[in-house]
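These protein sequences, in sequence, are chains A and B. Take 1 as the starting number for the first sequence in the numbering used here and just add one per residue. Take 1001 as the starting number for the second sequence in the numbering used here and just add one per residue.
Heads up, a few of these hints could be off.
Chain B is faced by these chain A residues, among others (derived, beta-carbon under 7 angstroms) [to be verified]:
1. M8
2. D34
3. E40
List of simulated lysine-lysine pairs, DSBU-like, C-alpha gap at most 35 angstroms [said to hold, decoys possible]:
4. B:K1184 <-> A:K81
5. B:K1114 <-> B:K1024
6. B:K1184 <-> B:K1222
7. B:K1114 <-> A:K81
8. A:K81 <-> B:K1123
9. B:K1222 <-> A:K81
It is worth saying that the hints were derived from the structure and are not from the lab. Just so you know, even glycine gets a beta-carbon here, dropped at the ideal spot from N, CA and C.
If you want the building blocks of each chain, they are given just below.
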Amino acid sequence: MLDMRLYMLQRITALIMAPLTLGHIAVMIYAVQDGLSAAEILGRTQGSLAWFLFYGIFVVAVSLHAAIGLRVILHETLGVKEAALSVFTWSVCVILLAMGGRAVWAVTFL
Amino acid sequence: MGRDELDVSIWRGDANGGRFEDFKVPAQDSQTVLDVVSWVQQNEDPTLSYRYACRVGMCGSCAMMVNGVPRWTCRTHVKKVLDGQKVTVAPLRNLPVIKDLATDMDPFFDKWVKAAGVHHPSKTRDDPIEAVNPASPARVEADTGIECINCSVCYAACDTVTGNADYLGPAALQRAWTLYNDAKDADQQTILDAVSGNGGCHNCHSQGSCTLYCPNELNPMKAIAGLKRATAASFFKRRK
């Protein structure tokens, strides 16, 4: 169920996510240790193009990567295929993109 | 050995289903699983269907599930796989059953062809024979996969084949990898395209059952990893 295109897309998004995940964990540890409040965090992220790009790219990569991975699991364990499989893949991608995108927008530009 | 008896369960049936039937088989020295199955067919039930030819591990026709594990039965000593005094013999997994222990191998061989597992000549009969350097890295790599006897043990062992009927499977992909590394094969891109489709090498989860159970101790998982690298490299080259 994975052709070359989906395989490459999943690997490339994994490469993008690896450093972003490490960055995210580092930020979380920093924020917790220094006891930053929600207001202080928002003060740093709001209006910041850098944080918008950091988490924006993260959300796009996660949406593509997870949708392809779940597609394979659904096909191999439940035998879903063809149109139903494509609808599932795209739905997962769009839902993750919408939820993640909304969260990123909320902490950076709202 | 004395008059020990083995408790043998053999799957009987066809494409519509079946059940295990129990037999008592006299134990002997150096007895293979194929010897046990043959004894049942010759002494208990002549209608038992199974497949074998060479009996020396060359032809690849006698593979069956033995105690749930795919094995070449002519080279498997029954003493080494006994569970107490019991052994269970069933048709190969992941293939349609024709009757009893004989499976339909067509899907397995059709996928060899689908994976471009046929020779693509680089010369005509009028050209001199191309010399192959046995020490070249590509030839050394190809040599690691050419002892495949097409027994389908790896195909029966593969969980990805179970989950994805289109998946070409370890044997066909290993064949593609040996041809890809063969100096006498003229069409490497055709091979890469053939293994890049919906059922291609990218579906492999590297679980390694193929390599674990291959009776000739080949490493199809490594061959598939090679195909993944080669197709990825070609993916970027073509986009330049």
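Going through the hints against the structure:
1. M8: Holds, because the Cβ-Cβ distance from M8 (chain A) to chain B comes to roughly 6 angstroms (cut-off 7 angstroms).
2. D34: violated, 41 angstroms
3. E40: violated, 44 angstroms
4. B:K1184 <-> A:K81: violated, 39 angstroms
5. B:K1114 <-> B:K1024: violated, 43 angstroms
6. B:K1184 <-> B:K1222: OK: K1184 (chain B) and K1222 (chain B) at ~22 angstroms, within 35 angstroms.
7. B:K1114 <-> A:K81: Holds, at about 20 angstroms.
8. A:K81 <-> B:K1123: violated, 42 angstroms
9. B:K1222 <-> A:K81: Satisfied, since the Cα-Cα distance of roughly 28 angstroms is no more than 35 angstroms.
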